[in-house]
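Participant: Sequence:
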Amino acid sequence: MNSIKNIRLKDYDYSTNGYYFVTIMTDYRKPYLLDHHDMVKSAVENINDHGGVKVDYYTLMRNHLHLILILEVCQLKLGEIVRRFKAVTSKKVGFRLWQPNYYEHVIRNERALAKIREYIINNPLVERVEFDGFYKDDGGQADKLDDKS
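For what it's worth, my numbering labels the leading residue of the sequence shown as 7, then goes sequentially.
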């Protein structure tokens, strides 16, 4: 029987005030968010309805969600916030929308916060570039770049 690996920090209180970077993947990384973008966007924006939780920044991709959450005197732990979000959105679509786990990172300083915001902003641009497609029709004969330096 496979078990889900615990990837959380041991002995860390995930209701501690601060900033948290969260990534949630769709089930089997399927592009479900193409069809359910508006509903998931609304659900993200409604996370602010939980006392002590604010959405700092987020972006929806076709198969995952990146968001930065701010917890301030929150009664819920981060895992419970994510669990509730995933349950609400899965119920609305009528099937399991998300993978069982999620990635999180406790943001520890302003520099890291700025870099993570930059990553979230740029992530949709990176995803649109499918580098493998550049090499598909070369018949196995990739052209080498001329070194003209």
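Simulated from the structure, these hints should not be mistaken for lab results.
Check the hints yourself; a few may be wrong.
Derived CB-CB ranges, DEER-like [what the hints assert, rightly or not]:
1. Gly58 - Ile127: 23 to 31 Å
2. Arg35 - Lys83: 37 to 45 Å
3. Tyr18 - Leu40: 33 to 41 Å
4. Asp17 - Asn115: 27 to 35 Å
5. Arg35 - Val94: 19 to 27 Å
6. Asn52 - Asn23: 20 to 28 Å
7. Tyr34 - Gly57: 15 to 23 Å
8. Glu51 - Phe101: 35 to 43 Å
9. Asn54 - Lys97: 15 to 23 Å
10. Gly58 - Leu131: 17 to 25 Å
Ideal Cβ placement from N, Cα and C applies to all residues, glycine included.
Participant: Each hint needs a verdict: does it hold in this structure or not?
Facilitator: The hints, checked one at a time:
no., hint, verdict
1, Gly58 - Ile127: 23 to 31 Å, "holds (26 Å)"
2, Arg35 - Lys83: 37 to 45 Å, "violated (26 Å)"
3, Tyr18 - Leu40: 33 to 41 Å, "holds (35 Å)"
4, Asp17 - Asn115: 27 to 35 Å, "violated (21 Å)"
5, Arg35 - Val94: 19 to 27 Å, "holds (21 Å)"
6, Asn52 - Asn23: 20 to 28 Å, "holds (21 Å)"
7, Tyr34 - Gly57: 15 to 23 Å, "violated (34 Å)"
8, Glu51 - Phe101: 35 to 43 Å, "violated (22 Å)"
9, Asn54 - Lys97: 15 to 23 Å, "holds (20 Å)"
10, Gly58 - Leu131: 17 to 25 Å, "violated (33 Å)"
The structure is inconsistent with the numbered hints 2, 4, 7, 8 and 10, although it conforms to all the rest.
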